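Chemist: Sequence order for the protein chains is A and B. Heads up: the first sequence begins at 4 in this note's numbering, then just goes up one per residue. Heads up: the second sequence begins at 4 in this note's numbering, then just goes up one per residue.
Keep in mind the hints are simulated off the structure, nothing from the lab. Accuracy of the hints is not assured; some may be wrong.
Same chains, same names: a pair is fine if it fits in one copy or spans any two.
What the hints assert, rightly or not - Lysine to aspartate or glutamate pairs mimicking EDC-like chemistry, simulated, CA-CA at most 20 Å apart: (1) K98 to E257; (2) K241 to E142; (3) K98 to D194; (4) K98 to D149; (5) K241 to D219; (6) K98 to D147.
Model, not experiment: these values are computed from the prediction.
There are 2 protein chains.
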Amino acid sequence: MNFEDLPIAPVVILARPQMGENIGAAARAMMNCGLTELRLVNPRDGWPNPAALPMAAGGGEIIKNAQVLPSVAAAAHDVTLLLAASARRRDLSIKSTDPRGAASLMLAHDRQQRLGDDSQTVSAINAKQGRVAMMFGPEASGLDNDEVVLADLLVTAPLNPAYPSLNLAQAVLLFAWEWRMAAQLDIGQVDALVSPVISNDHSKLASISEREIFFDRLEAALDDGGFFTAPEMATSVKRNLRAFFTRGAPTGQEINTLHGVIQALSRRRD
Amino acid sequence: MNFEDLPIAPVVILARPQMGENIGAAARAMMNCGLTELRLVNPRDGWPNPAALPMAAGGGEIIKNAQVLPSVAAAAHDVTLLLAASARRRDLSIKSTDPRGAASLMLAHDRQQRLGDDSQTVSAINAKQGRVAMMFGPEASGLDNDEVVLADLLVTAPLNPAYPSLNLAQAVLLFAWEWRMAAQLDIGQVDALVSPVISNDHSKLASISEREIFFDRLEAALDDGGFFTAPEMATSVKRNLRAFFTRGAPTGQEINTLHGVIQALSRRRD
Chain A
4 MNFEDLPIAP VVILARPQMG ENIGAAARAM MNCGLTELRL VNPRDGWPNP AALPMAAGGG
64 EIIKNAQVLP SVAAAAHDVT LLLAASARRR DLSIKSTDPR GAASLMLAHD RQQRLGDDSQ
124 TVSAINAKQG RVAMMFGPEA SGLDNDEVVL ADLLVTAPLN PAYPSLNLAQ AVLLFAWEWR
184 MAAQLDIGQV DALVSPVISN DHSKLASISE REIFFDRLEA ALDDGGFFTA PEMATSVKRN
244 LRAFFTRGAP TGQEINTLHG VIQALSRRRD
Chain B
4 MNFEDLPIAP VVILARPQMG ENIGAAARAM MNCGLTELRL VNPRDGWPNP AALPMAAGGG
64 EIIKNAQVLP SVAAAAHDVT LLLAASARRR DLSIKSTDPR GAASLMLAHD RQQRLGDDSQ
124 TVSAINAKQG RVAMMFGPEA SGLDNDEVVL ADLLVTAPLN PAYPSLNLAQ AVLLFAWEWR
184 MAAQLDIGQV DALVSPVISN DHSKLASISE REIFFDRLEA ALDDGGFFTA PEMATSVKRN
244 LRAFFTRGAP TGQEINTLHG VIQALSRRRD
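Looking at chain A on its own, in the form it has when it is part of the complex (with noise of 0.2 Å):
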């Protein structure tokens, strides 16, 4: 169920997680990207709960292999990199980060522990390696300090202080956004640095000729209509005029609906 080339997803497991409807909306969130494994740690409500699966959306699938264990040890059995959610600091001694430092540590034990795994299936690699986890406590009151002992990491998103506290499938999907974002950056996928494109076919552009045929059509169309009234300006209102429509980078298209445009507008005025 890996879709992608990314790094092996971490698994989702949810402590004690108390409403059917929150665990079917984490696994959508997780399914949007691209995690797969959920683990659900004694669910107050039992398991299955028919309130998840219409949450889930098309993450359905998630819920119907959701795996349910008796204890959060068991739960992270076959994990070497345990991560704890948590909304609050704790008055433990446990390293913490948020959740875009998180990201970046998991996906650097991922590279770790593939170095020299000529492994070619992602389930055989899943076989050999630890896996990577994310934990989240109970919707009412997060994961006990018993819970968050067992982690290598405390994970707290620094959210409004006024009111931090995150639904659950809420916390799930701010995690797994993260693991995402920092595993497309890493492998090129999304650009660091984004920068709007428009999303035109590039080749479509209208060129600079086309562009200087329909400045001059323009201008002197305008002129013809009387438009440059004060003439010391009509230097300065032009250079503006083509600074506008150069910034829309018309395409060849667009350029001949301008013209269009002209024509039209000229028409009328005749």
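Chain B: place on chain A using the hints.
Modeler: Only chain B this time, still in chain A's reference frame:
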């Protein structure tokens, strides 16, 4: 309602939202990230919607203060940078980026507008400046193309291509979180490369000489107990034990506890 030293938070516009629960959950996510201003365009089930408030949790004030407007244009009347969230690319000539790129553009927009603005209060700044807004479409279909073309930017999260469709409130969280992280990075409230740190007070860490006394005692006790059966290995075994105990960066208190451990174990042997 701006709780922190962050830039003015973006407005959230929900166009034709369907379920009150999602509007509530979106408000909670906004509150988690320090966004407070919610505008609803033609909510399907009218407004107020009794399903919204319970899901809003700590974001109840956002629900109570939400404005209802008849069109996207009306909801964005004071907005000078409008982002349209979409799970899919559109066949439209519009600039597009991902949520992280969008966050950095929102902050740049805000910075540019503040330049030379000597207003002292957030409300005075809000009154004079154009706002930034993130806009989200209805659950079933997303924004329609007539809504998207009103926006400066189309923002698409690079999610699992097998199922990229986020729940509405999850989409709001993802965008709001990216804005918050970018804003906090910008003012140095969060580090760009977060190394995990131990939450211990650093002044309480054991000194090198405290560690040394412990190591000496441990090694003597082990020697006494016949631990070093192969004398030629003793040096490297001792070195590895020192490395292990050092890696945990023990506090003075922990070193005291470890002294107690040696004592107790030795007593048992006697």
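Chemist: Run every hint past the structure and note whether it holds.
Modeler: Here is what the structure says about each hint:
1. In this assembly of identical chains, the alpha carbons of K98 and E257 lie at most 20 Å apart only when taken from different copies (15 Å versus 56 Å within one copy).
2. Neither within a single protomer nor between protomers do K241 and E142 lie at most 20 Å apart by alpha-carbon distance, with minima of 62 Å and 45 Å respectively.
3. Taking the shortest Cα distances, K98 and D194 sit within 20 Å of each other only across copies (16 Å), while inside one copy they are farther apart (29 Å).
4. Only within a single protomer do K98 and D149 lie at most 20 Å apart by alpha-carbon distance; the minimum there is 15 Å, versus 49 Å between protomers.
5. In this homomeric assembly, K241 and D219 come within 20 Å of each other (Cα to Cα) only inside a single copy, at 10 Å, whereas the closest approach across copies is 84 Å.
6. Proximity of K98 to D147 under the C-alpha cut-off of 20 Å is restricted to the intra-copy arrangement: shortest distance 16 Å within a copy versus 46 Å between copies.
The structure shown violates just one earlier hint, number 2.
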